[in-house]
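Undergrad: If you want the building blocks of each chain, they are given just below.
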Amino acid sequence: MELILAIGIGVLGGSGVYLMLRPRTFQVIIGLSLLSYAVNLFIFSMGRLTVDGAPVIGHDPVDPGLYADPVPQALVLTAIVIGFAMTALFLVVLLAARGLTGTDHVDGREQP
Amino acid sequence: MTPPVLLTLVLLLPFVASLLAAVLPSNARNAEAWLAGSIAVTGFAAMMWLFPHIANGGIVRQEIAWIPALGLNLVLRLDGFSWLFGVLVTGVGFLVVLYARYYMSPKDPVPRFFAFFLAFMGSMLGLVMSGNIIQLVVFWELTSITSFLLIGYWFHLAQARDGARMALTVTGLGGLGLLVGMLIIGHIVGSYDLDVVLTSGDTIREHALYLPALLLILLGALTKSAQFPFHFWLPHAMAAPTPVSAYLHSATMVKAGVFLLVRFWPVMAGTDEWFWIVTFAGLATLIFGAYAAIFQTDMKGLLAYSTISHLGLITTLLGMSSPLATVAAIFHIANHATFKASLFMAAGIIDHETGTRDIRKLSGLFRFMPFTATLAMVASAAMAGVPLLNGFLSKEMFFAETAERDANPFVNIALPLGATLGSMFAVVYSLRFVHGVFFGPRPHGLSKVPHEPPALMRRPIEILVLLCLIVGIIPGITVGPYLAAAVVAVTGPDTPYYSLSVWHGFNYALAMSITALVGGVLLYWALHGYLAKGIEGPPILRRLKGQRIFERIMLIVTSKWARRLESRLGTRGLQPQLFLLFLFAVGTAATVMIGRLGPIELSFAGFDPAFALLWSVGIVCAVAAAHQAKFHRLVALVLLGGTGIVSCITFVWFSAPDLAITQLLVEIVTTVLILLGLRWLPKRVEDLRDQVLVRRARFRRYRDVALASAAGLGMGIASYAVMTRGIPEGISEFFLENAYALGGGTNVVNVMLVDFRAFDTLGEITVLGIVALTVFAVLRRFRPASESIPKPEQQRIQNAFDTRAPERHPGDTVNEYLLIPAVIMQWMFPVIIVLAMYLFLRGHDQPGGGFAAGIVMSIGFILQYMAGGTRWVEDRLRILPLRWIGSGLLLALVVGVASQLLGYPFMTTAFQYAELPYIGRVPLASALLFDLGVFSLVVGATVLILIALAHQSVRSPKAGRRQAPIKEPEVSPDAPVELR
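In order, the protein sequence lines correspond to chains A and B. Convert by adding 1457 to the 1-based position in the first sequence; the result is the number in my numbering. Convert by adding 140 to the 1-based position in the second sequence; the result is the number in my numbering.
Isolated chain B, as found in the complex:
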């Protein structure tokens, strides 16, 4: 297997395993742990196997094209530095899985835990292996989301929910900033490829947009790494299960921020802005975090603040912009991961075995669990920076860097002083952790007697502590080559000489170390009394609660401001919304058109009085319809039909027979449809009070008239301007020239619909089918109650007449209504069917086609309903519109897919002419089958819509059914046609 392919596998495996983990049964703790563990080990082994390829500055790259035109490709890239992170993610990941197997209680739903865990691991690997900076942001956000899920794993606890939400909000905000920052970098460099970006350091630093890009990228990095002032989310994230904390807050999630800083260090560091912002954000975090850690009473809280402080240390180092400081930063990233992961696990074990993490309740645990205690003490010593442990080495490097002379006297004092102070605090909280928990009198008030955990649960800690020791004692042989590979990847070929030995002689750094150690011990001794009182939170700063500020801001932004904006700018009324919409549309069109329209010459060439007369009718109909629509609905509907006929004739006039046919038929169906709906609208009587308009209403009406006139004027001018100009070279010629040659039909419009652009048509008939089903469903569920509208006056009069006459039944008059037209309508049924078939069959060569035929067919059905009444038709004719719709869509799809099965692109058509006896040459195109599908669907959809509306009246009153019983009239020789 080649290294690039292996890289892809390493990235994909955790995600695949995550899906697998999610579907395992909820009590499969062992299976889950085996799965997750083997994935982590595989990743780790792959990393180790890849090491020779990336040592000495090598890069393994895998590029999978996605949208090359936009520079968006999936690029996986492994160099020494991302390799280091890959090892941390998979290595620590494996140990955490092992630990979690024993930590998670059988009651916890483990599939969810391991699924999230694996997804997080995959996201983290994707983040460090990204070779494209946009892709990096995507994985960055994925880590935010998966960590949100992990922190909120125990979602029944309010604490976990709040902590998760806060972590997501803060890091998500940073992620947004990061995305914009990356887009700016991409704009500056001209590429999103990380390799290109990494070689463009000077371009980026000298660009005018450097500062915004820097600030946005720092926003991302500092929020993720919980740097001051965004540190407050991390302690609240401690509500997560301890394995999650051990993983996220030692080796992975929070390290992503410093990963980003190191990744962009070669191209962004070295400027004053970088130095001041990064160094002092880091230094403030270092001191504040350490100070706050001293006064925590929760073990995990203490470790959380300690993590914040150590990340501050790394950030400070990166801010200093010297290659040696960066070496120290990278080294400390690895060291911190080892000792902090082990400490979190130790805290989890103590929590597990004693039932509490409160330092005030715990003491003297050494006698119960000497082995765990020893391990925790060694790890704490590494955290405090005691010699012969790994923490000491990187801290010495840190001291040495801060002691470097700088031109600025403030920096000369602040950096070494801050570093020493922070380290002193680190000694204090480490002492508190060890002394408070493991020494002193026996604890009392614990819910259970503590004892050593299962050996395998302790094994991860043992491995990590062993690493702390060997790295601390013999750094050169153990970690040297790996660190060198990581450093070369960042600082490039001119990497300075650095020494990893434990002893550097007497120098500033050693003096600072000794000061911090001794000072820390003395300070702990001095603070001992105060700490024993067990007051939560640091003095002075206790009141400054990040969480409360955060909640306050969230409340203001998401509730107060949102509400105010909504009340100022929002409206629930449809009219103002539509008004704004039209205003915007008219305004946009006007700004585009004004000044660019060019000269418009009025020409009266080809003026035809008949056409002018036609359109004067159309215009009068439209305006009158607009005027009458409020009080005289039927009149407005008739006028609307008039306008429709005019536009239909216009289509005939200007050589569009297909359009004219379709328009005419749709006109009929629409009118019937609206007529059926009219029955259900409340009666609106023209009232004198309405004539005296309120001033506001009158103003609104004038305003709407103005806007409507502007819109109409714009449409008119635009269409006139286009119509009087020459036609540019377009695609129309292609269709005209090839309709017969390629589509086998002479009606170009129909050939386009069923052949060239059949995919569009498929989409369109799908929409039609969906609409029909929606109409059906909506009417079933929300139909107006029958009693909400009284029976129409006409029906009441007729029924009263029927009741009075002794030989008549109520409803007879209605049935006899329009008797002769009804007979004709019934006779027309076969004629209409033939017409539909005719239109359908000629469609490919002459005006017609599936649409038109379908609507004609449905009109045939509707006429039967109108003539005979709903029940009469349905007693004789079973129309199953849903089947028509389904089979039509299926047929259209099958025709499309069939061409694919034969090796042609989707929707390719074939045609042939066949000689049939007596009939002659008949065109046979597969497009005809497609058109048949269209036909069937149109019939089904139209009939379904109309029937659904028609059934409204039938369904309504049960009493009405009794009034008009279904009675088959006796067939007599005088009445050959069945009528009711």
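If we strip away everything but chain A, and leave its shape as in the complex, we get:
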């Protein structure tokens, strides 16, 4: 299980980095999203993988060993929302750049 997830994280991250190095704004926005999936999963995996142990507890004192680590989950929850905000902002900057320069190249002008 760990191996599969690790490979998945690697491929997502690699695809994201590749796209972020491309010249078109749309490629960069897709790359940014892929990279944020990879990073979210990466942070999530720092709490190790637990099956059937959602951190929803009862009213009685609990044994922490039985539950998934809630700290990375809280961090990733925040990261997902901030990632959404980033995508939105980037999309709008992309559109504004498109409106101002007439091209969708990341530098605002076509390379010679």
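In case anyone wonders, no lab produced these hints; they're calculated from the structure. The C-beta atom is built at its ideal place from N, Cα and C for all residues, glycine as well. Please note: incorrect hints may appear among the correct ones.
[Said to hold, decoys possible] As a list, the in silico EDC-like pairs of lysine to aspartate or glutamate whose alpha-carbon atoms are at most 20 Å apart:
{"hint": "1", "chain 1": "B", "residue 1": "Lys-770", "chain 2": "A", "residue 2": "Asp-1564"}
{"hint": "2", "chain 1": "B", "residue 1": "Lys-823", "chain 2": "A", "residue 2": "Glu-1567"}
{"hint": "3", "chain 1": "B", "residue 1": "Lys-501", "chain 2": "B", "residue 2": "Asp-438"}
{"hint": "4", "chain 1": "B", "residue 1": "Lys-673", "chain 2": "B", "residue 2": "Asp-498"}
{"hint": "5", "chain 1": "B", "residue 1": "Lys-823", "chain 2": "A", "residue 2": "Asp-1564"}
{"hint": "6", "chain 1": "B", "residue 1": "Lys-501", "chain 2": "B", "residue 2": "Glu-676"}
{"hint": "7", "chain 1": "B", "residue 1": "Lys-588", "chain 2": "B", "residue 2": "Asp-438"}
{"hint": "8", "chain 1": "B", "residue 1": "Lys-247", "chain 2": "B", "residue 2": "Asp-491"}
{"hint": "9", "chain 1": "B", "residue 1": "Lys-770", "chain 2": "A", "residue 2": "Glu-1567"}
[To be verified] Derived Cβ-Cβ restraints for the label pairs, each shown as a range:
{"hint": "10", "chain 1": "A", "residue 1": "Gly-1559", "chain 2": "B", "residue 2": "Pro-749", "range": "47 to 53 Å"}
{"hint": "11", "chain 1": "A", "residue 1": "Gly-1559", "chain 2": "B", "residue 2": "Val-278", "range": "48 to 54 Å"}
{"hint": "12", "chain 1": "A", "residue 1": "Gly-1559", "chain 2": "B", "residue 2": "Thr-811", "range": "23 to 29 Å"}
{"hint": "13", "chain 1": "A", "residue 1": "Arg-1566", "chain 2": "B", "residue 2": "Glu-691", "range": "36 to 42 Å"}
{"hint": "14", "chain 1": "A", "residue 1": "Arg-1566", "chain 2": "B", "residue 2": "Leu-164", "range": "48 to 54 Å"}
{"hint": "15", "chain 1": "A", "residue 1": "Gly-1559", "chain 2": "B", "residue 2": "Leu-164", "range": "50 to 56 Å"}
{"hint": "16", "chain 1": "B", "residue 1": "Pro-208", "chain 2": "A", "residue 2": "Arg-1566", "range": "52 to 58 Å"}
Fit chain B to the known structure of chain A by using the hints.
TA: Just chain B now, with coordinates in the frame of chain A:
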């Protein structure tokens, strides 16, 4: 009031008054002068009151803790030596204020002048009273900045701007050196406290880092005190108003450099390096400054070079490293301040009354202003070192010290010779100042008839000259105790005996004095003819202009080199920048990981084919999205969504239901968002020419693939390495054990978000709100022009069809598009709202919460937009996203602050269970209110972003509005749902 508290007040008052002075009306000259004057007098009185506490080596100390762990505290420390400076700063400061009241013209904006002046006074007091060497540097830099503002006070004059800039650059550079030097000293000593540093002289002198520290500290001191070769900024600083020159260049700013030398004299002096560098920098400055002063035609220029020369004298004394020389140096600091301040003021009066400071134009002024002339003559005599004046005493001490025999024959000759020569020049320029300005024929060509200034304007000079006289005649009783206190503070308990009497019998020093006086008179007589020609600048050295060299260096460094560096290393392209960024990140991670990762064992335990299948889909989606993103945007977007779903299922798989819910919902919103944006991107058709890649582009692509693979590989290995290892003791257990006991909720993740780490969440929703507003603003201002993109092909075909059919209006087909889903979407609205409420209310105990609920709610709105179109929705439903955002943030904040009002720390939550009839036990936590704020903000922000994008299409063409008029269809029994 205790002495330490008084010390704090003395430091704070000028800064407070500075703020006050800045807001007074611009014509309040008297009020400003009263304010500044009373502050200076208060400071002076406080100093006098404090004197008994610091006499005989006492120290007044006030420590205010700031970051004790780093040894950074605000320490105020007053000993005899800093007391002397405190008296000079406040005393001369008061006289300058009085003088400035009459000097400044009613047209000058005085609030600015006095505000800067007071701030400078405060910085100077802070500098001399610093008990922490880092704090000392801070005040040192403050004096640089405030003096920059003062020198550039008349900023409409190019001269003033250039002079101020040069002064700031040179002293600022020195200040940087000083900071590093102080850090080294702190490293050597292990403390930044001045008292500790002052007792560690031997440690510092024997340390391997002594020389770098010395050079850096000297860089600071010598630039500030305008010592050769950094002297050139001072004459240019004369573009300042004369009160500023009188203050900065007699008693304060330039004296800061020698203050620093004296302050560190006990711990740094005595080595060969100190002796050679300091003594000869000082001696060179002494001779050069005096020589250059002779040939100045501007009175203030002459005084400026004379100041440089006198500072050189003080520096030379300090370099000699003997306690007696240091006594002389301290004495001369005070003496020079008195006579030089009065001379600057006299020069200012002459400038004021005649309209010029040019010695060539002035002559015979004695008959017009005998009183001022007499005062200036006495002060000049003190400057030249004439007996019975204070300048004579310290100069005699200087001569006596230079005449001491030394083991080195070069020193034996150079020091006395240089000292005599410098003093001879001093006599010459003093004679020129007096003779050239006050004697000789009547001046002609002056713009006004000169006369005596107002009595009060002359009063400061009278006081200073009186001081020169009484100190010169009866030094022992007048200045003796104060000087003794200052000296003991520097040289410590084994202060040598020194005599302050005027007559020491016939000795070397007297012979040198007489030689300098007689030689000076003779030299002036010999040079008289040359000087009468009025050639600006000293012969031979005239060509060597410090300013020009400075400008040249500035040009090379700030323009030529900067440009060259930028063209070599800089790039405006985003791709190379990002490439370097990723390369650096991958490189750093690799250097950390390689060799330290430990063994990695591949294990296939718990292998699940379903999970493998899931991720093979995810991997294919990611790679395909990367491949398709250039030409097939919609395909790439769909594939991206596929990857998102896979990661969402992964969260479900590994016990993170909250993450899965949020991820799924955000996925929906993001997709809609990007879909809305797609419309505005230029069409990109796969072209055959693109297939035949240019070699460079192909190389770039392979290179990026390599880097991306390295990055992916690194992420994969790192995550695998972590996942297969045991979990160390962390903070997670705390949250699991206390979520219910302290937070009153069973969903630990949600309790963390709204309770334990609510402050983080508050920051996060603030960011979200800001982003939404930014999106809104950016789109308003910079949206792409509607005509830049043709209408989509589909719409064109539909409109053409509508136009052809006689019974149809253009736009009808679009409106009928997806009719049945649209109906369902509209019906779904209340259902979605209920879902949002459900998610929100269960959030504290079960997966859900404000974030998820907020996004669900906004999806509900979006579906209405999609089903009915923008206008249709907005005709029926007024959504005010800005209010949602504002009230959400406000609510979250109020919940946080409320706990503070009740006496708990910010963001403390309370919870209680309430029995409600029919519903049963209901948890009531104040965190729920906080979550409500989060909910409201998320709804507002998401809707605002999406609506802003959606409005792009509506706003665009006015023609389009005519094509598709807003028409309410008639309601018929067959169509119960309103549709367009």
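Undergrad: State for each hint whether it applies.
TA: Results of checking the hints against the structure:
A distance of roughly 16 Å separates the Cα atoms of B:Lys-770 and A:Asp-1564; the hinted pair therefore holds under the 20 Å criterion. Note on B:Lys-823 and A:Glu-1567: the hinted pairing holds, with a Cα-Cα distance of about 15 Å set against a maximum of 20 Å. Using a Cα cut-off of 20 Å, the hinted pair B:Lys-501 and B:Asp-438 holds, with the two alpha carbons roughly 10 Å apart. With a C-alpha separation of about 13 Å, the suggested pair B:Lys-673 and B:Asp-498 falls inside the 20 Å cut-off, and the hint holds.
Of the supplied pair hints, the one linking B:Lys-823 and A:Asp-1564 holds, its CA atoms being roughly 18 Å apart against a limit of 20 Å. Simply put, B:Lys-501 and B:Glu-676 have alpha-carbon atoms about 13 Å apart, close enough for the 20 Å limit, and the pair holds. Restraint check for B:Lys-588 and B:Asp-438: the C-alpha separation of about 19 Å stays at or below 20 Å, so the hint holds. Of the supplied pair hints, the one linking B:Lys-247 and B:Asp-491 holds, its CA atoms being roughly 17 Å apart against a limit of 20 Å.
For the proposed pair B:Lys-770 and A:Glu-1567, the alpha carbon gap of about 15 Å is at most 20 Å, so the pair holds. Between A:Gly-1559 and B:Pro-749 the beta carbons are some 51 Å apart, a value that agrees with the proposed interval 47 to 53 Å. The hinted range of 48 to 54 Å is satisfied by A:Gly-1559 and B:Val-278, whose Cβ atoms lie roughly 50 Å apart. For A:Gly-1559 and B:Thr-811, the hinted distance range of 23 to 29 Å is satisfied, since their beta carbons lie about 27 Å from each other.
The hinted window of 36 to 42 Å between A:Arg-1566 and B:Glu-691 holds, with their beta carbons roughly 37 Å apart. Against the hinted window of 48 to 54 Å, the Cβ-Cβ separation of A:Arg-1566 and B:Leu-164 comes to about 53 Å, which satisfies the hint. Restraint check, A:Gly-1559 to B:Leu-164: a C-beta distance of roughly 54 Å satisfies the suggested window 50 to 56 Å. For B:Pro-208 paired with A:Arg-1566, a C-beta distance near 55 Å keeps the hint of 52 to 58 Å intact.
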